[in-house]
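Asker: In case you want the letters, here they are:
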Amino acid sequence: MQVLYFAWLRERIGAASEEIDPGGAATARDLIARLAALDDQHAAAFADISAVRVAVDQVMGDLDTGIAGAREVAFFPPVTGG
Amino acid sequence: MSVSVQRQDFDIAAEIEHLTASDPEIGAVVSFTGLVRQTTPGGSIASMELEHYPGMTERALEEIVAEARARWPLQGVRVIHRHGPLKPGERIVLVLTASRHRQAAFEAAEFLMDYLKTRAPFWKKEDTAEGARWVDARDADTSAADRWRR
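Protein chains in written order, with the working numbering: chain A, 1 to 82; chain B, 1 to 150.
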């Protein structure tokens, strides 16, 4: 699946998107655990998951949202538009 | 087309004209414009960069507009949100609501802004004298959006 990062998550990871094999990850929280284990950058980006928001296939979700079959999962900080 | 996400500026008068021209039953138009403020909690800013999530942004805004239309009798809605680099004083966002009577237009405009601030995937990065910083989400914005819950 395509995993996207925005704002400071993108900066800490050093990439706007990457192709990830979700393995057995069932929820966004499971996927974060898998991503955080990849390297130091990912670990730093996901150090405080209370500051992480998620969208699954462009629909706002939460850490317990299922990701089975999703094409696109995005992680980002709380939004600050307007 | 009621929602646009764009880099370029917008013409408020032209947008109002366009929204109201086709419907002579419109008796009220409310216009909200958000501007880049020079002084922020992070200090005085030289400029800011607005990042967004192409595709999801438009979708999120369209859902918010649909919710407003379901709650109030609106004859028309227009939302424009800019992205990219912006300087203090520049326009960021426009919300127009049109209805037969003013109450629906006033309330819907406020609802649209409250929901947009907490649900549309935009992130501001301010360029200050101490360096660039990502803007923190405000609890007050979440409280403002929560009051519309039902």
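Keep in mind that the hints were calculated from the coordinates and are not lab data. Watch out, some of these pointers could steer you wrong.
[Unchecked claim] SDA-like, lysine to any residue: derived pairs with alpha carbons at most 20 Å apart: (1) B/87 with B/41; (2) B/125 with B/150; (3) B/125 with A/14; (4) B/87 with B/9; (5) B/125 with B/83; (6) B/125 with A/11; (7) B/125 with B/139; (8) B/125 with B/8; (9) B/125 with A/15; (10) B/125 with B/42; (11) B/87 with B/139; (12) B/125 with A/12; (13) B/125 with A/27; (14) B/125 with B/2; (15) B/87 with B/134; (16) B/125 with A/78; (17) B/125 with B/51; (18) B/125 with B/92; (19) B/125 with B/43; (20) B/87 with B/129; (21) B/125 with A/64; (22) B/125 with B/37; (23) B/87 with B/49; (24) B/125 with A/82; (25) B/125 with A/51; (26) B/125 with B/137; (27) B/125 with A/8; (28) B/125 with A/4; (29) B/87 with A/82; (30) B/87 with B/33; (31) B/125 with A/52; (32) B/87 with B/39; (33) B/125 with B/141; (34) B/125 with B/54; (35) B/87 with B/8; (36) B/125 with B/90; (37) B/125 with B/84; (38) B/87 with B/34; (39) B/125 with A/53; (40) B/125 with A/10.
Asker: Run every hint past the structure and note whether it holds.
Answerer: Hints, verified against the model:
A C-alpha spacing of about 16 Å is found between residue 87 of chain B and residue 41 of chain B, which places the hinted pair at or below 20 Å, so the restraint holds. Taking the CA atoms of residue 125 of chain B and residue 150 of chain B, the gap is about 33 Å. The hint is violated against a cut of 20 Å. For a cut-off of 20 Å, the pair hint linking residue 125 of chain B to residue 14 of chain A stands: about 16 Å separates their Cα positions. Using a Cα cut-off of 20 Å, the hinted pair residue 87 of chain B and residue 9 of chain B holds, with the two alpha carbons roughly 12 Å apart.
Between the alpha carbons of residue 125 of chain B and residue 83 of chain B the distance comes to roughly 11 Å, so the proposed pair stays at or under 20 Å and holds. Of the supplied pair hints, the one linking residue 125 of chain B and residue 11 of chain A holds, its CA atoms being roughly 12 Å apart against a limit of 20 Å. Distance hint between residue 125 of chain B and residue 139 of chain B is fulfilled; the C-alpha atoms sit about 18 Å from each other, no more than 20 Å. For the proposed pair residue 125 of chain B and residue 8 of chain B, the alpha carbon gap of about 18 Å is at most 20 Å, so the pair holds.
The suggested pairing of residue 125 of chain B with residue 15 of chain A holds, with an alpha-carbon distance near 17 Å, which does not exceed 20 Å. For the proposed pair residue 125 of chain B and residue 42 of chain B, the alpha carbon gap of about 11 Å is at most 20 Å, so the pair holds. Between residue 87 of chain B and residue 139 of chain B, the direct Cα distance comes to roughly 25 Å. Violation of the 20 Å bound is thereby established for this hinted pair. A threshold of 20 Å between alpha carbons decides the hint, and for residue 125 of chain B with residue 12 of chain A the separation of about 14 Å falls inside it, so the pair holds.
As the CA atoms of residue 125 of chain B and residue 27 of chain A are separated by approximately 29 Å, the hinted pair breaks the 20 Å bound. Of the supplied pair hints, the one linking residue 125 of chain B and residue 2 of chain B is violated, its CA atoms being roughly 27 Å apart against a limit of 20 Å. Proximity of residue 87 of chain B to residue 134 of chain B is assessed by CA-CA distance (about 16 Å); at most 20 Å being required, the pair is judged to hold. As the CA atoms of residue 125 of chain B and residue 78 of chain A are separated by approximately 13 Å, the hinted pair is consistent with the 20 Å bound.
About 8 Å separates the Cα atoms of residue 125 of chain B and residue 51 of chain B, which keeps this hinted pair within 20 Å; it holds. Proposed proximity of residue 125 of chain B and residue 92 of chain B is supported: the alpha carbons are some 13 Å apart, at most 20 Å. The hinted pair formed by residue 125 of chain B and residue 43 of chain B meets the criterion: a straight-line CA distance of about 13 Å does not exceed 20 Å. Restraint check: the Cα-Cα separation between residue 87 of chain B and residue 129 of chain B comes to about 14 Å, which is no more than 20 Å; the hinted pair holds.
Between residue 125 of chain B and residue 64 of chain A the CA atoms are separated by roughly 28 Å; this puts the pair beyond 20 Å, and the hint is violated. At most 20 Å may separate the alpha-carbon atoms for a hinted pair to count; residue 125 of chain B and residue 37 of chain B meet this at roughly 13 Å. Taking the CA atoms of residue 87 of chain B and residue 49 of chain B, the gap is near 9 Å; set against the 20 Å cutoff, the hint holds. Between the alpha carbons of residue 125 of chain B and residue 82 of chain A the distance comes to roughly 13 Å, so the proposed pair stays at or under 20 Å and holds.
Under the criterion of a C-alpha separation no larger than 20 Å, the hint pairing residue 125 of chain B with residue 51 of chain A is consistent with the structure, at around 16 Å. For the hint linking residue 125 of chain B to residue 137 of chain B, the alpha-carbon distance of about 12 Å falls within 20 Å, and the restraint holds. For a cut-off of 20 Å, the pair hint linking residue 125 of chain B to residue 8 of chain A stands: about 9 Å separates their Cα positions. This hinted pair checks out: residue 125 of chain B and residue 4 of chain A have alpha carbons roughly 18 Å apart, not beyond 20 Å.
The hinted pair formed by residue 87 of chain B and residue 82 of chain A meets the criterion: a straight-line CA distance of about 15 Å does not exceed 20 Å. At most 20 Å may separate the alpha-carbon atoms for a hinted pair to count; residue 87 of chain B and residue 33 of chain B meet this at roughly 15 Å. The suggested pairing of residue 125 of chain B with residue 52 of chain A holds, with an alpha-carbon distance near 17 Å, which does not exceed 20 Å. Distance restraint check for residue 87 of chain B and residue 39 of chain B: the Cα-Cα separation of roughly 12 Å lies within the 20 Å cut-off, and the hinted pair is therefore satisfied.
As the CA atoms of residue 125 of chain B and residue 141 of chain B are separated by approximately 18 Å, the hinted pair is consistent with the 20 Å bound. The suggested pairing of residue 125 of chain B with residue 54 of chain B holds, with an alpha-carbon distance near 17 Å, which does not exceed 20 Å. Taken as a hint, the residue 87 of chain B and residue 8 of chain B pair is honoured in the structure, with Cα atoms around 13 Å apart against an allowance of 20 Å. Distance hint between residue 125 of chain B and residue 90 of chain B is fulfilled; the C-alpha atoms sit about 15 Å from each other, no more than 20 Å.
Only pairs whose Cα atoms come within 20 Å are accepted, and residue 125 of chain B paired with residue 84 of chain B is accepted, the gap being roughly 10 Å. Pair hint residue 87 of chain B plus residue 34 of chain B holds up; C-alpha atoms about 13 Å apart against a cutoff of 20 Å. The hinted pair formed by residue 125 of chain B and residue 53 of chain A meets the criterion: a straight-line CA distance of about 17 Å does not exceed 20 Å. A C-alpha spacing of about 13 Å is found between residue 125 of chain B and residue 10 of chain A, which places the hinted pair at or below 20 Å, so the restraint holds.
Hint violations for this structure: numbers 2, 11, 13, 14, 21, all remaining hints satisfied.
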